[in-house]
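J.: Chains as they are written, first to last, in my numbering: chain U, 1 to 416; chain G, 417 to 714; chain C, 715 to 1077.
Treat the hints with caution; some may be incorrect.
[Unchecked claim] What follows is a list of derived Cβ distance ranges for each label pair:
no., chain 1, residue 1, chain 2, residue 2, range
1, G, A693, C, R848, 12 to 22 Å
2, U, D355, C, D803, 24 to 34 Å
3, C, Y1029, U, D349, 36 to 46 Å
4, C, A840, G, D530, 38 to 48 Å
5, U, E178, C, L806, 27 to 37 Å
6, G, R500, C, L1053, 21 to 31 Å
7, C, A1015, U, G180, 53 to 63 Å
8, C, R849, U, T407, 53 to 63 Å
9, C, A829, G, L551, 55 to 65 Å
Source of the hints: derived by calculation from the structure; they are not laboratory data. Bear in mind the structure is a predicted one, so any value in this text is a computation, not a measurement. Cβ coordinates follow ideal geometry from the N, Cα and C atoms, glycine included.
What follows is the residue order along each chain.
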Amino acid sequence: MPIARGYRLASCVLALATAAALSGCGARTGEENGDGPAAATIDTSGDTIKVGLLNSLSGTMAISEVTVRDALMLAIEEINADGGVLGKRIEPIGEDGASDWPTFAEKAGKLIQQDQVAAVFGCWTSASRKAVLPVFEQHGSLLFYPVQYEGLEQSPNIFYTGATTNQQIVPALDYLREQGVSSLYLVGSDYVFPRTANRIISAYAQAHGIEIVGEDYAPLGSTEFATIANKVEAAGADAVFNTLNGDSNVSFFKEYDAAGLTADTMPVLSVSIAEEEVKGIGTQYLTGQLTSWNYYQTTDSPANEDFVAAYQAAYGADKPTSDPMEAAYTSVYLWKEMVEQAGSFEVADVRAAADGITFDAPEGTVTVHGETQHLYKTNRIGRIEADGTISEIWTSGEPIEPDPYLTGYDWAEGLS
Amino acid sequence: MTVLIGQSFTGISIGAVLLLIALGLSLTFGQMGVINMAHGEFIMSGAYTTYVLQQHLTDAGTSLLLALPAAFAVAGTLGIVLERTLIRRLYTRPLDTLLVTWGVSLLLQQLARDIFGAPNVQTSTPGWLTGRITLFGGEHPVTLSHARLFILTLAVAAVVALTLTLRLTPLGRRIRAVVQHRELAEASGIATARVDRTTFFIGSGLAGVAGVALTLVGPIGPTMGTNIIIDAFLVVVVGGIGRLRGAVVAAFALGVLQALVEYSTTVSLAKVTVLIAIVAFLQWRPQGISTVRTRSLA
Amino acid sequence: MTRSRLLPLAGFALTAVALFAVAPAVLSDFRLSLLARYLCFAIVAVGIALAWGRGGMLTLGQGLFFGLGGYAMAMHLKLADAGPDGLPDFMLLYGTGGELPWWWEPFRSPVFALAAVLVLPMTLAALIGFLVFRRRVRGAYFAILSQALAAAFALLLIGQQATTGGTNGLTNFQGFFGFALADPLNKRMVYFVIAAALLAVLLITRQLFHSRYGELLVAVRDSEERVRFLGYDPALVKLAAYTVSAGMAGLAGALFVPAVGIISPALIGIVPSIQFVIGAAIGGRASLAGAALGAIAVAWAQTTLSEEFPAAWTYFQAGLFIAVIAFLPGGLASLRHHLTRRRTRATRPRPPTGTPAAEGAPA
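So that you can see chain U by itself, here it is in the shape it has in the complex:
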């Protein structure tokens, strides 16, 4: 019977296949590829220059990321109306990260290798940034990341236009200490930003005599907060430091309110709630609570007036603007300034030209810190008002130098 023969034949094919697989091997780890670190190929042939926009348009993160995409598109349209970059119109190529980290990596690869874009703007969660980071480093391309994050990172292929910890969390703690807060309850989502933020907060608290009376994490997307509200109430802290992200905030604040806790008795300071989220949670549950950001829709600057007007003209008069949107909008302009300073789209030239680039952003003038590829940013503590806006009640005054590894703070020793 030929089954045996067929089987043998198939085995031969398989053996050959394996041999083929193992014969074509490349460089070993540690060896150089021959031509040094990779440099991305950028398509500069046409009269347009392509850039990638990588945000989640579907899935759980679409809630936040869609507005960032809108802000990016606004900046690109404005720049194009103004003559483009180095005489070329910007051609945005949008991809959907679908709230899924491997998809982010796949789409980043597509934008860099297939479309040969000059830079990519986007990502929101730390997980998505960590997933695309090796892709950008391997291909030597550039990512502009517009969201506040947990610090402890400094990739040569990423520009961080949101706040790092010493521009958002540390000033918030300074503010709370000024207000006489001596005990804190920490509530956060279970991922890298809240966990790292809370380590920083604990170190700060220990050094400054603040007591941490409780620490709780809920998985992303978790919407049952009755128990956590009970624990917070029982612990009776002076304030709550909230690093929850996304949907969880809605349930948390509804439960917090239902438990009879208010901003007067136990204020909550949040670092992931901006104007857009306020609208989704309901001002009824939030009035009087605190936030820490670098920008609010109400921030008083001429650039912001233009930004808010342009954004609302494009997407609707009831649409709020928020910090990550502003950081995204700013990132496109910063890239433009860098490219024009360098006179080239090449990544190495753009990076070399980055240090000291300034832009009159809606949040005020921002400056690129070349060494860390972060921005000098001003911190603002805000209070959520009954009409859904956030008004500034405290500010760090001048822009704070970025310090992603917190090397300039004695109490932060041993954190990284």
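With chain U fixed as given, assemble chains G and C onto it according to the hints.
T.: Just chains G and C now, kept in the frame of chain U:
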């Protein structure tokens, strides 16, 4: 000790939410064997109904009360459309309904995103539902918020109404007959297709009611359904097929277990504990807490 | 050789040529790396075809085994990158102590890690299967139970950020058993390894399908009680298929890591687990080639549609699932049957075939 009592009450209020989201499912899955993954999106439709009504009526209280029947009708209609177009073809392939309705849930999610926008929307809680009652005073007072109390009342009312319908009305008798022996019921002159349709309407409508209740405690957005659908299925599976009693016991048991474990550990650990407990429980009683005796071998 | 024997063999040879000669020649490095990813999903789908298509067990929790294999491989690669006595980068940044957890230690050994890729998922599957099938949990109950386990595993990983990387998962691998992953040539090699693995898995499963065991498995699917009356233990028959399918998912997870460069809880929970099954269902759950091609086609369609219509691709995807599963229960593979049946009916009476009707896959 008071903490234990307090957490038990929290657990009961968590259980009430679970019961509401699972009640419709225990009807469609338990009675008909249809695994409807779009149940979560039916719940979402109820929540959006509340939102839309609040946009048009300024008073939060009236719109919330009006939303209850409206959401029942909206979700029920969605259910009938789904039953007529797809599920009808799949009664002999129950596992395929799972995959098909999962596709439907993706579709409805994207639809919600396109109609209402990707961000969450807000509804306001009427004045008479803010605040709370104190059950026991003392150093660690045991309290229950009005919103949670409302949900508990709603869950109990839904269970009572459903039980009475199944026990006392001719429709209920027909539904029970079809569950126990489809062929025999058909032979006795019951229009089983029509009974299926009605059952599905009621089950889906209850999802809409659950959606209204969820606006009081959770987010209202396109992905709200995915977060709760598995919890709902677990309640039904633990409860056992064909009996509401099982679902009621299961919902409150899971709620209390979650609340008690969570208080002394973390949310993640509590959820894992609950899941492991469910797997262990099904080892002991594969058919769930209570099940209806049928003439099939399984 | 009869036609029914020749056809699969020719198909096998054709697949080999397509994977090893045609694809590398016509696809760009980027597209080839995507294909490598799809092939991993195809390996999972072959396992699902065995457990679900032939065994009637709707394994909605394959993400659990995919993840176990993936993490076993990723832990080894992380430790290899860190060098002897080194700690993985994420532990240095986010961990609390400077110690490597004891359960990471054995993964320094490549032999242990490679063995764990198969042994871990298969042992767990055997354990779960033993408990569950013995108690005759089946149908929807089994499906929801396996989903719950996958969800629990994902939650467990998320909660232990200091030792598992939490939500981020494990990323940024420099090397693959000594080969630099940044080198496109090595990426090609990874692709070839995956393609070879898929061929091997196809071959093994085909042998299983056509063995006595395969017949028994179908018998259990179609009537468990009857098989029990014949003196066999259906629980053991199902257990074997479930364990093998878990091994395949583990292998796929392990290969996914060097191909895509990430393993995270996002690949383990409920949604990815359903997506694994959808691929097999669309291709044809009871057909080996159907399931594998279906998984590749669904993944490919997802990439292409989302590139073409970043805003509306979910509609197409959902529409496709609904249409195929509701109206073509045997999947795309049954299209051929539908067509040939119509033709043969016109010419001569159809000879009885050995393949069971895919439509009959019961709960």
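J.: Which earlier hints turn out false for this structure, listed by number in ascending order?
T.: none
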